[in-house]
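Undergrad: Single-letter residue listing:
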Amino acid sequence: MVLVYTSSPEGQLKKSAFEAVTFGHKTAQQLGTEVVALTIGNVNNAGVLGQYGAAKVLNVAGADSFDSGSHAAIIAQVANQIGANVVVMPDDSTGKSLLGRVAVRLDAGSVSSVKSVPDTGAGFVVQKNVFSGKAIAAYNISSDKKVLSIAGNTFPPEVVGADVAVEAASVDVPANRVRVKEVNTVKGTVPLPEAELVVSAGRGMKDPGNWGIIDELAEILGATTACSRPVADVGWRPHHEHVGQTGVAIRPNLYIAIGISGAIQHLAGVNQSKTIVVINKDPEAPFFKAADYGIVGDLFDVVPRLNEAIKKFKAAN
Amino acid sequence: MKLLVCVSKTPDTTTKISFTDNDTALNTQGVQYIMNPYDEWYALVRALELKEAAGGTVTIINVGPADNDTVIRKGLAIGADDAIRIDTAGGSAYFVARQIAEQAKVGAYDMVFFGKETIDYNGSQIGAMVAEMLEMPFISYATKMDMNGNTATIARDIEGGQEIVEVDTPFALSAAKGLAEQRIPNMRGIMMAKRKPLNVVAPIEVSDKVSVASYTLPPAKQDCRYIDAENMDELVNLLHSEAKVI
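Taken in order, these protein sequences are the chains called A and B.
So that you can map any letter, position 185 of the first sequence is 185 in the numbering used here, and since no number is skipped, the others follow by simple counting.
So that you can map any letter, position 215 of the second sequence is 215 in the numbering used here, and since no number is skipped, the others follow by simple counting.
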C-alpha cells in the first residue's frame, strides 16, 4: 500500500495535495497496489482526492494545528495500520518538518524533494536535485519501507477517478507541544512555492514606488510577485517574496526576471523554472546565460510594452 | 542553557560540480569547502546571541573526517565554547542523524540548532530526524526567535507567509535567513579557537538505508534567444506557442 499525507493549511487542500496523490497513484500502479490518502484535522472536501487516484481517503480528527511531533506519530500509526510500504508527502513547510520524523518512526529510508516516479526495475530508485540544482542524484532506497517528499510543481495533478467517501481513522492523537499562535499569509494570490507563473524584480527598479508596472504585469498574467535578495533586505518588498538560495526556492513554469543581474545565489533558487525570461538593460548581466528568452533594454520602457502586448493577447485569446 | 549547533562542511556555493568513479562520487579536485552557510550565519550566531544574553554554553557538533576540523575551528573562532567531531567519512542523512542524536543524548541540551538545509545535498532531513530520535519538538525554517524563560516564540516560514509558534525547552529548530546576522571571526577569536576543546569521538554502527546510485549533470541549457525590446508581441507569441506557458 502507498500512503499519501496531504497537508491542508487552514482546512484547505492545495495543489500540492493533488500532486502528491497523483505521484502516489503512479507509484502504486508500478508496485501493483493502491493508494490511500490521509488528511489530518478538519479538511474541506477531502473526498476530491479520489479523483487523483486515492482508493480511500482517511481523516484523523482532532489535530487541527500543525506540530511535526504529533502529526508524525499519526502518520506512522496509519501507515502501520494499512501496511504501507511507501509513504508520500509534499516537500512543503509541513513535509520539511515531517519527513525525517516519519522515517525514523517507521525505520524507513527517506529521500526529500523527489523529482521522478520511483524506478522499481532494480531496487527502488528516485531522483532528486542536489548542489542547488547543479546536479541530479539517483538514490536507491534499500529498506522495506520508504518515505518520500515530492518536489512541488513537478507532478501535474491528473484526474483518474471520482470522489470517494472520507473514512475516519482511529489512532492515538498525541498532545501538541508546539503551540501555533498566529498564521500570517498573503490572501488572494497563489503562494510562491505553488505558483506556476512568477514575475520577479530587483534593484533595477530603483525605487519601491516603481513597482506599479510589476504588479500590473503580475495581475494581467495571473502571476505571483517575487523579488531578489537586495530589495527584500532594504525593505522595498516583503521578506516572503525573496526568491533565491537564502529565500524561497521555486520551480514555476514561467519566471520573468526584471532588473535582476542573476547572481549565483539567486539562480540557485530559480534555476528549476521551466522557462526563464530576463529583462535587463545590461547585456553582460549573468542572468542571460540562464535565460530562455532575453530582452536587453530599459525595463521602464520594456515592461509597459510587455503589459500592453499581454493585454492584447489575452483579449484575442 | 546548553545549546548544541550541528554544522556541516559543504562545497562553496560557486563550486563547479563534476563527478568521478563512474559518476558515483563528487570530484573534490579543486573544491573549496566552507561551513554550510545556514549553519554558520543563522544557527550558530543565534545560539551565541542567546548565550550572550542569558549565559550558558554553545557546543558545535560535526560528523566527518579530520579534514573538517578547519570548519569546526572557524565555528569556535566565531564564538562557540567547544566542539565534538564524530570521526567517520559520513553517510546518509539517517546515518548522520543517528551519530548526532547519540552524542546529543549524552549532553542533555536545551536546544539543538540546524541550518534549514545543506547547500550540497539540499536534504533538509537531519533536523527532523534528530528531533524524533531525541523526542523533541521541532520547528523548521525559523526566521525569528525570542526567549522568555524556558519558552521560545518562533516565527517560521510557511507557504506565502509565516507562522508564529510557542514551544518550551528542550526543542530543536532549523534556521533560515532572518534568525541572525553573519559574524566574521576576529583575530582574538581565531587565536582563542586554537585552545578550545575539540573532542573527537568514534561513530556508532549504523546501517544505511539509502545510497547514491549515480549522479548526472542537468542537460545543457539552450542559448538565450534575444528578442527585440521594441517587439513584445513576439515574446508573448513565443511564450504562448513555443514555451506553452501562457
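Just so you know, these hints were derived from the structure itself, not from any lab.
You may find that some hints are simply not true.
To be verified - Stretch by stretch, here's where chain B covers chain A in the computed footprint (C-beta under 8 angstroms, at least three residues):
#1 97–109
#2 158–166
Said to hold, decoys possible - Not close to chain A: a few residues of chain B, all C-beta gaps over 10 angstroms, as computed:
#3 Gln32
#4 Ala97
#5 Glu102
#6 Ala108
#7 Asn150
#8 Ala229
Computed from a prediction, not measured in an experiment: that's the story for all the values here.
We put the beta carbon where it would ideally sit given N, CA and C, even for glycine.
Undergrad: For every hint, state whether the structure bears it out.
TA: Consistency of the hints with the structure:
1. 97–109: holds (count 10)
2. 158–166: violated (count 0)
3. Gln32: holds, 13 angstroms
4. Ala97: Label violated. Min Cβ-Cβ 7 angstroms, cutoff 10 angstroms.
5. Glu102: holds, 13 angstroms
6. Ala108: holds, 18 angstroms
7. Asn150: holds, 13 angstroms
8. Ala229: Violated, since 3 angstroms does not exceed 10 angstroms.
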